Amino acid sequence: EAQVTQNPRYLITVTGKKLTVTCSQNMNHEYMSWYRQDPGLGLRQIYYSMNVEVTDKGDVPEGYKVSRKEKRNFPLILESPSPNQTSLYFCASSAETGGLSYEQYFGPGTRLTVT
Amino acid sequence: DAKTTQPTSMDCAEGRAANLPCNHSTISGNEYVYWYRQIHSQGPQYIIHGLKNNETNEMASLIITEDRKSSTLILPHATLRDTAVYYCIVRRSSNTGKLIFGQGTTLQVKP
Chain A
-18 EAQVTQNPRY
-8 LITVTGKKLT
2 VTCSQNMNHE
12 YMSWYRQDPG
22 LGLRQIYYSM
32 NVEVTDKGDV
42 PEGYKVSRKE
52 KRNFPLILES
62 PSPNQTSLYF
72 CASSAETGGL
82 SYEQYFGPGT
92 RLTVT
Chain B
163 DAKTTQPTSM
173 DCAEGRAANL
183 PCNHSTISGN
193 EYVYWYRQIH
203 SQGPQYIIHG
213 LKNNETNEMA
223 SLIITEDRKS
233 STLILPHATL
243 RDTAVYYCIV
253 RRSSNTGKLI
263 FGQGTTLQVK
273 P
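If you're matching them up, the sequences are chains A and B in order.
When you line the first sequence up against our numbering, it's residues -18 to 96, in that order.
When you line the second sequence up against our numbering, it's residues 163 to 273, in that order.
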């Protein structure tokens, strides 16, 4: 089954404790992206990757890091989480390339709480 | 990417067709109309997309006006599980791949 998986699904942590949210897709998609969703602000793009070893900032990259060492994985790293990073996070992937537009597939979400 | 306007909320009776409108009067010729939905904090789900012709798949139909300034998503036989927030997004292929989600339409399907 074609899917995007995220782990963990729920996480409660404390300020400053480094964490990683994993994202994996089994569709051989080149494009992957991270969004966060907050009440009243909708979904906002954090980082995206057009291919292996190619990543770039989205609209709200501060406090986050990503890596793309393999096509299927795109982990989101919070080096020093803060309470304002409490949010619902979604990973997405797509066959999209620079010249063509395709639908995006989203993971189930990771609900992160930073105390 | 062009801005879209959708009603904040709509109701639909179970088993009836749900028609969700979207205005995108500033759409450009190379921009597609995409529809996604989000069921209660789950990941957004792709529904359908089109450029200028009407489209139909197993989930829905998309009707785009001839001038492309508006479109309608049709769920032919709405069920309770179709209760969700529906997002109309107008975009072209870009280097960022970013989807701009507006406020969407909250569709409530009632028994």
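These are computed hints drawn from the structure, not numbers from a lab.
Model, not experiment: these values are computed from the prediction.
Where is the CB? At the ideal position from N, CA and C, for every residue including glycine.
Honestly, I wouldn't trust all of these hints.
Computed, partial: chain B to chain A, Cβ under 10 Å [to be verified]:
no., residue
1, C174
2, G177
3, Y196
4, Q200
5, S203
6, P206
7, Q207
8, I210
9, H211
10, K231
11, Y249
12, G259
13, I262
14, G266
15, Q270
So, going through the hints one by one against the coordinates:
1. At its closest, the beta carbon of C174 of chain B sits 23 Å from a beta carbon of chain A; the interface hint therefore is violated under the 10 Å criterion.
2. Interface hint status for G177 of chain B: violated, as the beta-carbon distance to the closest one in chain A is roughly 27 Å, over 10 Å.
3. With a least beta-carbon distance of about 7 Å to chain A, the hint placing Y196 of chain B at the interface is held under the 10 Å criterion.
4. For Q200 of chain B, the suggested interface contact is upheld, since its CB lies about 9 Å from the closest CB of chain A, less than 10 Å.
5. The interface hint given for S203 of chain B is met, as the beta carbon of that residue sits about 6 Å from the closest beta carbon of chain A, less than 10 Å.
6. The restraint placing P206 of chain B at the interface with chain A holds, with a minimum CB-CB distance near 5 Å, inside the 10 Å limit.
7. Contact between Q207 of chain B and chain A, as hinted, is supported at the beta carbon level, the nearest pair being about 7 Å apart and thus within 10 Å.
8. The closest approach between the C-beta of I210 of chain B and any C-beta of chain A is roughly 9 Å, which is under the 10 Å cut-off, so the hint is satisfied.
9. Annotation: H211 of chain B was flagged as interfacial toward chain A, and the flag holds, the nearest CB pair being 6 Å apart, inside 10 Å.
10. Look at K231 of chain B: its Cβ only gets to about 20 Å from chain A, farther than 10 Å, so that hint breaks.
11. Given the 10 Å rule on beta carbons, the hint for Y249 of chain B holds: about 9 Å separates it from the nearest Cβ of chain A.
12. For G259 of chain B, the interface hint holds, the least distance from its beta-carbon to any beta-carbon of chain A being 5 Å, beneath 10 Å.
13. Nearest Cβ of chain A to the Cβ of I262 of chain B: about 8 Å, under the 10 Å cut. The hint holds.
14. For G266 of chain B, the shortest C-beta to C-beta distance to chain A is roughly 8 Å, which falls under 10 Å, so the interface hint holds.
15. A distance limit of 10 Å between C-beta atoms decides the matter here; for Q270 of chain B the minimum to chain A is near 19 Å, and the interface restraint is violated.
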